[in-house]
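Participant: One letter stands for each residue in the lines below.
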Amino acid sequence: MRVLRYVLRRLALLVPVLLGTLFIAFFLTRVLPGNPIDRVAGPYISQEKREAMKREARLDLPFYQQFYLYLADLVTKGDMGTSYTTAQPVTRDLLQRFPATLELVLYGMGLAVVLAIPLGVLSALHKDSPVDHAGRVIAVVGVSVPVFWLGLVLLYVFFLKLQWAPPPIGRLPPTMSPPPHVTGLYTLDALLAGQWDVFKAALSALALPAVSLAVTAMAPLARMTRSAMVEALESEYVRAARALGLPQHVIIWDYAFRNAVIPILTIFAGVFGYALGGVVLVEFIFSWPGLGLYTLNAILSSDFPAIQGAILLVTTVYVFIYLLLDLAVAAIDPRVEV
Amino acid sequence: MSLLEVRGLKTYFYTRRGVVKVLDGLNFALEPGQIVGLVGETGSGKSVTGFSILRLVRRPGRIVGGEVVFEGRDLLKLPEPQMAALRGRDIAMIFQNPRTALNPLITVGRFLEQVLHFRAGLPRNRTRDEAVRLLSAVHIPDPERRLSSYPHQLSGGMAQRVMIAAAVAARPKLLIADEPTTGLDVTVQAQIMRLLRELRDQTGTAQILITHDLGLASEVCDAIAVMYAGEIVEFAPTRTLFATPKHPYTRGLLASRPKLGQTGEIPGIRGAVPDLMNPPRGCRFHPRCPHAFTRCRVERPRPVYVSPDHYATCFLLEEEGHA
Amino acid sequence: MLKRVAQSEVLYRIKQNPTTLLGLGIVIFMFGLAVFAPWVAPYDPLEKHFDHVSEPPSRQFWMGTDQFGQDIFSRVVWAARLDLFIAATAVAISLVVGSLLGALSGYLGGWFDEMFMRLMDILQAFPSLILAMGIAFALGPGVFTVIVATSAVNIPGYARLMRSTLLSEKQRTYVLAARAVGNPPWRILFRHLIPNALTPVLVNATLHFGWAILEAAGLSFLGLGVAVPNAEWGVMINMGLQDFWQGHWWAYTFPGVFIALTVLGFNLVGDGLSDLLDPRRARQ
Chain A
8 MRVLRYVLRR LALLVPVLLG TLFIAFFLTR VLPGNPIDRV AGPYISQEKR EAMKREARLD
68 LPFYQQFYLY LADLVTKGDM GTSYTTAQPV TRDLLQRFPA TLELVLYGMG LAVVLAIPLG
128 VLSALHKDSP VDHAGRVIAV VGVSVPVFWL GLVLLYVFFL KLQWAPPPIG RLPPTMSPPP
188 HVTGLYTLDA LLAGQWDVFK AALSALALPA VSLAVTAMAP LARMTRSAMV EALESEYVRA
248 ARALGLPQHV IIWDYAFRNA VIPILTIFAG VFGYALGGVV LVEFIFSWPG LGLYTLNAIL
308 SSDFPAIQGA ILLVTTVYVF IYLLLDLAVA AIDPRVEV
Chain B
916 MSLLEVRGLK TYFYTRRGVV KVLDGLNFAL EPGQIVGLVG ETGSGKSVTG FSILRLVRRP
976 GRIVGGEVVF EGRDLLKLPE PQMAALRGRD IAMIFQNPRT ALNPLITVGR FLEQVLHFRA
1036 GLPRNRTRDE AVRLLSAVHI PDPERRLSSY PHQLSGGMAQ RVMIAAAVAA RPKLLIADEP
1096 TTGLDVTVQA QIMRLLRELR DQTGTAQILI THDLGLASEV CDAIAVMYAG EIVEFAPTRT
1156 LFATPKHPYT RGLLASRPKL GQTGEIPGIR GAVPDLMNPP RGCRFHPRCP HAFTRCRVER
1216 PRPVYVSPDH YATCFLLEEE GHA
Chain C
2 MLKRVAQSEV LYRIKQNPTT LLGLGIVIFM FGLAVFAPWV APYDPLEKHF DHVSEPPSRQ
62 FWMGTDQFGQ DIFSRVVWAA RLDLFIAATA VAISLVVGSL LGALSGYLGG WFDEMFMRLM
122 DILQAFPSLI LAMGIAFALG PGVFTVIVAT SAVNIPGYAR LMRSTLLSEK QRTYVLAARA
182 VGNPPWRILF RHLIPNALTP VLVNATLHFG WAILEAAGLS FLGLGVAVPN AEWGVMINMG
242 LQDFWQGHWW AYTFPGVFIA LTVLGFNLVG DGLSDLLDPR RARQ
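Going down the list, the protein sequences come from chains A, B and C. In terms of the working numbering, the first sequence has 164 at position 157, counting the first letter as 1, and numbering is strictly consecutive. In terms of the working numbering, the second sequence has 1188 at position 273, counting the first letter as 1, and numbering is strictly consecutive. In terms of the working numbering, the third sequence has 237 at position 236, counting the first letter as 1, and numbering is strictly consecutive.
Among the clues, some could well be false.
[As the list claims (entries may be wrong)] Sample of chain A residues with no beta-carbon within 12 angstroms of chain B, all distances over it, derived:
hint, residue
1, R37
2, L101
3, A247
4, L251
[What the hints assert, rightly or not] Pairs of lysine-lysine residues, derived as BS3-like cross-links and limited to a Cα-Cα distance of at most 30 angstroms, are as follows:
hint, chain 1, residue 1, chain 2, residue 2
5, A, K134, B, K925
6, A, K134, B, K992
7, B, K992, B, K925
Simulated from the structure, these hints should not be mistaken for lab results. Don't be surprised by glycine CBs; every beta carbon is placed ideally from N, CA and C.
Make the full structure from the sequences, and use the hints.
Facilitator: Printed below as a string of structure tokens:
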């Protein structure tokens, strides 16, 4: 009950942040060069028709009225307007694109965690040893490599040369139809439907983009794991546990790692949030039909409703990640009151 | 045979600015069931002595020489796994700030049960009852309920009781208590000291009490080692030490204690603790010693026994004809 | 005296740390390339050798040529100049603007501080690359655009850092003392507070430098930054992408290696610096 009240209070606090981002998105799109109507309509449409389109898109109204009406539609009907380019409701577009990005980011981040945390723990346990130095080098190289270039190099090696990976043309080969929609995450849906071939195809399409994301996300995670572990291992309670002769595995996991988890989670939330935006670079290379590519195309074609919707969605997810983080921290740390 | 005998223990800290000789040839012994106080100012090397015995000195510190003989075995020569097996089971330690010495993320119950399972070798199904028994043994009210408390929910005194409970869980033969009552209320201090004493009386656990408070040490210790700048300058049974202190430093310490009904200025020891990176030549106390003479400035004094259980490292005693 | 000791110790520890030295070497090398680009590069970066289109590395073209017959080595070298210029300017702008705003906010406090920090919350909740993309598109392609977009998204970070260090410095005794002897507030801010809060900000700037290069190259790679066919690393990778299916690996590999090396250099130096200046580590 207390947790629920806390969540509600936090959600209430999020409203102004989301309103603020939406306002900025609105403002940015309105100063974008290029009249979207001209672009959509093309040169052969009459002036009256243009005016009608403009009215329908509410672009004839003053800025604040556009904002107000947009909000009203969003809150009452969940309507974010219609995309100029896809001619579909933006809400529907987003629901189609978002799972693609989510699946990619989840795999990428999952991989990063699986690689980075053992690396960080190992480095901390063998501080200043060759393992530690190697881990540091791996981490700092990983964060220095441009993700879009890494994707290309991986593609060159594993697709063009070795032909292990599928071509960079989206989530599934064109000959294959997606699994029945449940979550929108193809690997999960394929498993639920028992379609092994689809699962394997979706997984191999995910491999290279997920690895690209993971390599760049690994570095901050590994570094934070290392420093948080080092700090915990040098703490008074670890020294006390040693003095009591508690076994090494208890000291490492129940004492050091448990205390290191909170800073690691905090960094993880940041990395995850950054990946939600940065994923556009990966989607661009792998023609991944996700939110990033959608946003990029929307920006390039002055598609106001699409830009606003995409930004609103990404920021919402972003702030939710932080809400989840705070809940997780409260669950782990008894000193944090919810 | 002594339970513990420390001989020529040297622990140096290798900092970037140079080598700090925190302990430079420390000697003392402890009999089974005895409580010995290690008394000295901050920076005299008391805590490092405790950590050196358990081989838990942190980098950049390192034990570079000497012997720590516990029940006939030199701990400094034991392989680490055997040393780890000994910690908590034969020798345990409690710390200065009990609240930072407890893992903030696990409950008292989980902590004690871990210690009981891994150190006292109790099967998992018996640890809970034993944890309750331990908590009531250290006089924690409502022990059942306390099992689910987290360290931040405990008072300092309560946290120290929990630490003590954990430390004695495996019935060690030696307990090292590093400033166990610093930062606690005076009444709580007294309770903790009483508890430690009671522990010795009931289970015969020998103890090393590390403290800067001579008065506190005098209340519970059978013998006291006075430390100055990494050396024991005087060692004697408590009563003897108070009655006939031999080292000028000990005398200074005793004189600087306020007495009831005393008026006027309290005499202190002039000067400050020396820099251990460049300790004074000869006797480390000579710059502050009112009786220092030429020999003190060049030669290092060795322990002089005034009786079989009382020694001090001071040339004055040799002059008096004790050597 | 104390300062001299501190300085010699910093030098000593830099020498002790081979990776920081390596990073410093890379950074100096890249700046060297940037400064001496006209003498290092064998060709004009925009010169099209039409009879040498998309050639693999050879003795004549060390890193091959792109689809317009431009010499990739010359372009990579000239790009060092452009990319370092963009990153340096972007870091400088976000540092100065962010720090000043943060300092002002922290110093003034009250409702201004409250409002300002809420605005920073909002800007930071905004996905940074998407914000940069929006700004970049609004301004149209060009070097100036990349600089503005790259610096704008980092202003909140500096503002926050400056504000928080300032707030902790503000409580220190020396500030109270300066106030007690009647120094005017602006003077305390500029003479005492800002200089003392600058260390963490500068360490952050070194680490941020590499990140700015990645961000700027990313924008250009997406076609929102420096225009094709200018010699810029991100642009070159974008152009290489067009040639990807033909297997012309050299077109994107070399510019990517240069980005990675430069960023690595700055990260190594930044890591070394933050280790050095971290008071917790310095105590040991």
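Participant: Indicate, hint by hint, whether the structure satisfies it.
Facilitator: Structure-based check of each hint:
1. No beta-carbon of chain B comes within 12 angstroms of the beta-carbon of A:R37; the shortest separation is about 50 angstroms.
2. Every beta carbon of chain B lies more than 12 angstroms from that of A:L101, the smallest distance being close to 39 angstroms; the non-interface claim holds.
3. The claim that A:A247 is not at the interface with chain B is violated, since a C-beta of that chain comes within 12 angstroms of its own (minimum 4 angstroms).
4. Not every beta carbon of chain B lies more than 12 angstroms from that of A:L251, the smallest distance being close to 4 angstroms; the non-interface claim is violated.
5. In summary, the hint linking A:K134 to B:K925 is supported, as the alpha carbons are separated by about 25 angstroms, within the 30 angstroms threshold.
6. The suggested pairing of A:K134 with B:K992 holds, with an alpha-carbon distance near 24 angstroms, which does not exceed 30 angstroms.
7. Taken as a hint, the B:K992 and B:K925 pair is honoured in the structure, with Cα atoms around 14 angstroms apart against an allowance of 30 angstroms.
Hint compliance for this structure: hints 3, 4 are not met, and every other hint is.
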